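**Student:** Residue numbers (my numbering), protein chains in the order written: chain A, 1 to 429; chain B, 430 to 519; chain C, 520 to 729.
It should be emphasised that the hints constitute simulated quantities derived from the structure, not laboratory data.
The structure displayed is predicted, hence computed values, not measured ones.
Hints should not be assumed to be uniformly reliable.
Stated by the list, open to error - The list that follows gives simulated cross-link-like pairs (lysine-lysine, DSS-like), each with its CA atoms no further than 27 angstroms apart:
1. B:Lys-517 / C:Lys-657
2. C:Lys-680 / C:Lys-657
3. A:Lys-157 / A:Lys-68
4. A:Lys-422 / B:Lys-514
5. A:Lys-142 / A:Lys-157
6. A:Lys-208 / A:Lys-68
7. A:Lys-142 / A:Lys-422
8. C:Lys-680 / B:Lys-514
9. A:Lys-158 / A:Lys-142
10. C:Lys-680 / B:Lys-464
11. A:Lys-422 / C:Lys-680
12. A:Lys-281 / A:Lys-158
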Amino acid sequence: MKRRPPRYSAARLVSLGARKRAWPRAWREVPLQDSYDVVVIGGGVHGLATAYYLAANHGMTNVAVLEKSYLGSGGSGRNTAILRSNYLTPEGVVFYDRSLELYRTLAVDLNMNVMFSRRGHITLAHSDASLRTMHWRAEVNKLQGVDSSVIGPAEIKKLAPALDTSSHPRYPILGALYHPPGGIIRHDAVVWGYARGADALGVEMHQKTEVLDIMVTGGDGPGGKGPGGRVTGVRTSRGDISAPVVVNCTAGWATLISDMAGVGLPISTRPLQAAVTEPVKVFLPVVVVSGTLHVYVSQTARGELVFGASVDPYNTYDIRGSLDFAEGTAGHLLELMPGISRMRLLRQWAGLCDMTPDYSPVMGFTPVEGFLCDVGWGTYGFKAGPVSGEQMAEAIATQRTPELIAPFSLSRFERDALVGEKGAAAVGH
Amino acid sequence: MLIVPCPNCGPRNAADLRYVGESRPRPDPNSASAKEWRAYLYERANPAGLLRETWYCRSGCRRYFTLERDTVTNEFTNPPTPVAKLGKRP
Amino acid sequence: MLTSTRTECGSVAELPAFESPVSRSFVSDAGASMEPRRPGAALTLHDVSVTTKIIVRAGPETVAGHQMDTPFGASRTEDGALVVGQRPDEWIILGPAAASRALIDGLDRSGHVSVIDHTHSRALFRLTGDEAASVLEKLCSLDWNDHMTPDGAAVSASVAKVTCDIVRNDLDGTRSYLISCDRSYGQYLFDAILDARHEFGVGAPADAAG
Ligand SMILES: Cc1cc2nc3c(=O)[nH]c(=O)nc-3n(C[C@H](O)[C@H](O)[C@H](O)COP(=O)(O)OP(=O)(O)OC[C@H]3O[C@@H](n4cnc5c(N)ncnc54)[C@H](O)[C@@H]3O)c2cc1C
Ligand SMILES: [Zn+2]
Chain A
1 MKRRPPRYSA ARLVSLGARK RAWPRAWREV PLQDSYDVVV IGGGVHGLAT
51 AYYLAANHGM TNVAVLEKSY LGSGGSGRNT AILRSNYLTP EGVVFYDRSL
101 ELYRTLAVDL NMNVMFSRRG HITLAHSDAS LRTMHWRAEV NKLQGVDSSV
151 IGPAEIKKLA PALDTSSHPR YPILGALYHP PGGIIRHDAV VWGYARGADA
201 LGVEMHQKTE VLDIMVTGGD GPGGKGPGGR VTGVRTSRGD ISAPVVVNCT
251 AGWATLISDM AGVGLPISTR PLQAAVTEPV KVFLPVVVVS GTLHVYVSQT
301 ARGELVFGAS VDPYNTYDIR GSLDFAEGTA GHLLELMPGI SRMRLLRQWA
351 GLCDMTPDYS PVMGFTPVEG FLCDVGWGTY GFKAGPVSGE QMAEAIATQR
401 TPELIAPFSL SRFERDALVG EKGAAAVGH
Chain B
430 MLIVPCPNCG PRNAADLRYV GESRPRPDPN SASAKEWRAY LYERANPAGL
480 LRETWYCRSG CRRYFTLERD TVTNEFTNPP TPVAKLGKRP
Chain C
520 MLTSTRTECG SVAELPAFES PVSRSFVSDA GASMEPRRPG AALTLHDVSV
570 TTKIIVRAGP ETVAGHQMDT PFGASRTEDG ALVVGQRPDE WIILGPAAAS
620 RALIDGLDRS GHVSVIDHTH SRALFRLTGD EAASVLEKLC SLDWNDHMTP
670 DGAAVSASVA KVTCDIVRND LDGTRSYLIS CDRSYGQYLF DAILDARHEF
720 GVGAPADAAG
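Model the full assembly from the supplied sequences, consistent with the hints where possible.
**Tutor:** Shown next, in the form of structure tokens:
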């Protein structure tokens with residue numbers, strides 16, 4: 001029987017209030033030990049889910065999640081929270097669909113309202129070429145049992161009346177890929193839910209604990225690191241920790257961590273920006289993506305429009321927003337929905353994304369024994385949090401690569417067996 | 430926006446250029462092993478710090494060039510003095 | 520009749536194209552006949568696409584490059600034609616067909632040299648007036664200050680997101696810019712400049728080919 005974290009409920013609020021007791025902390029703060037069975041680097045959704053499923057599914061609780069800042073300070077607290085499984089490759093579709101399946105019951109599993117709103121997701125096509133890709137995706141999706149189909153302008157207008165479906169715009173809307181199970185979620189709640197769930201099972205989370213180096217012996221590279229080596233532990237800003245298994249879940253910082261173990265990755269770090277408008281009455285019931293116009297948008301439960309584009313055009317670890325993004329993306333949004341021209345922008349921000357050449361992740365074992373990666377999440381990794389945690393936990397516990405993530409192994413680049421998802425992931429995250 | 434010091438045109442908005450990426454030596458295709466070649470194709474150093482990278486000045490001089498930039502501060506090392514001498518022919 | 524593109528490029532002197540027999544303004548009548556918003560506004564936008572435009576590319580080691588005698592970023596006038604050092608190893612000759620022809624006829628074609636008539640493939644506008652720089656500033660990120668881009672300066676940059684070649688070519692001491700872009704973007708760019716002029720009162724005279 002899994003131990004579940006205490007329930008957030010009105011009854012509990014009243015009872016604690018009546019007894020003048022403080023609301024308990026969501027997770028413990030415990031001293032850092034000098035050894036663990038598994039050290040997970042990175043306190044985003046991937047690191048926390050991995051730790052949670054290690055404990056929940058495999059009973060491995062001597063696990064620490066090390067986070068250099070606060071939990072959810074990376075992409076997991078900055079994304080636009082779009083969940084979907086209408087990918088392009090069969091490998092991608094089954095994988096992301098398993099994640100959606102886990103997301104569906106997550107609120108119950110974690111005793112936390114994660115506000116998963118399965119409102120439907122449409123990807124617009126403005127050219128014959130993109131319409132062809134939509135048909136391709138729809139067929140791949142259907143084959144895997146994923147609800148996905150191509151619809152025309154009349155149906156699009158019904159789903160999202162605010163869209164300009166006339167033939168006047170520069171890029172008229174010719175059709176769309178409609179994916180009813182897609183939607184949005186409250187990303188912070190997911191992060192906190194996993195943290196609370198893992199904590200209840202005995203996993204430790206250590207914030208403000210930065211990994212500075214990874215100890216490896218017997219490898220081919222300098223200092224005994226690199227292929228053929230074996231992990232023995234990590235050096236942190238708060239002292240050394242010995243551990244036979246170290247998992248890299250650091251997204252935008254992934255190559256810095258892998259370098260510490262002597263493992264090269266096919267990853268470049270790019271910022272991705274997003275912005276949010278003032279809240280207005282609900283008028284946009286579905287998530288809308290346009291690859292041609294490089295924009296995607298959804299309306300939150302609060303009524304704000306959250307929108308974004310593709311990654312910034314050059315590598316950097318700097319996450320300042322740019323006027324170019326706000327101006328350009330707002331312009332494209334107005335081409336889709338001219339009616340919102342008077343809405344005001346509330347704020348904009350950016351997060352780091354770990355881009356791979358084929359827009360698919362890098363998961364599982366590496367040439368260094370005991371060093372695993374769950375990275376390369378680019379602009380699309382939030383939706384994959386649950387399935388990645390589940391599969392990585394299984395890999396660690398069984399010492400075997402689960403079938404679902406085998407296509408995403410680092411070795412695919414040596415075999416030229418890339419899993420090309422650009423057509424389904426470059427803009428619509 | 431990032432301002433890129435084109436050695437020909439002078440400072441330009443990054444949007445006026447195309448980012449080609451990390452510049453790395455290309456192994457000789459005749460003698461490189463498959464492993465070396467794939468490492469060249471896919472692996473990236475992606476440092477948080479100094480990076481040598483290639484840019485293409487698509488809206489300006491239409492030349493490729495290599496610059497060094499700090500990926501944390503976005504500062505370019507020794508920005509070159511532009512070749513262009515703007516004005517009437519001297 | 521020449522058939523292959525290659526031949527056309529290689530022996531451009533045979534082409535009668537420099538007379539530009541079919542060249543005409545493609546900016547619609549509606550766009551070209553815009554009147555100044557403010558009467559007497561000293562800011563005009565002319566569609567001068569009919570101007571002969573010849574692009575000369577010549578490698579650094581070629582004689583032709585020296586014959587152009589204009590460094591990158593600069594421009595000069597010869598016999599009524601404007602020779603512009605638009606890019607390293609690339610020049611644009613703007614002006615009356617006869618003058619342009621005289622210039623390229625004397626070119627040494629040995630080495631990597633190409634001479635192509637772009638009269639029909641490029642749109643060309645002239646923006647004139649004291650406030651021309653303010654209009655450009657709204658559309659382009661470059662510095663249009665006299666200090667940075669004095670008379671004669673040649674630059675390439677995106678204007679209203681269209682890649683343009685721009686030469687500052689003052690007329691009798693009045694600030695003036697020649698702006699060219701691919702023909703298919705011409706109407707859009709013309710409209711974008713008109714749109715940007717609003718607060719400055721630029722007009723497009725009815726005789727747009729001025
Ligand atoms: C603007 C934006 C919009 C997005 N939209 C979507 C979307 O709609 N749908 C979707 O599915 N995905 C989206 N994504 C992508 C998604 O956010 C990420 O892929 C996902 O959150 C990655 O999660 P993670 O746990 O792997 O990494 P992160 O959440 O980035 O966590 C990595 C953590 O590692 C920590 N760390 C780094 N170095 C060290 C160190 N040396 N020691 C200790 N800790 C360290 C960091 O502080 C960070 O907290 C978006 C991303 C952004 C930026
Ligand atoms: Zn340049």
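**Student:** Checking each numbered hint in turn, tell me which of them this model violates, lowest number first.
**Tutor:** 3, 4, 10
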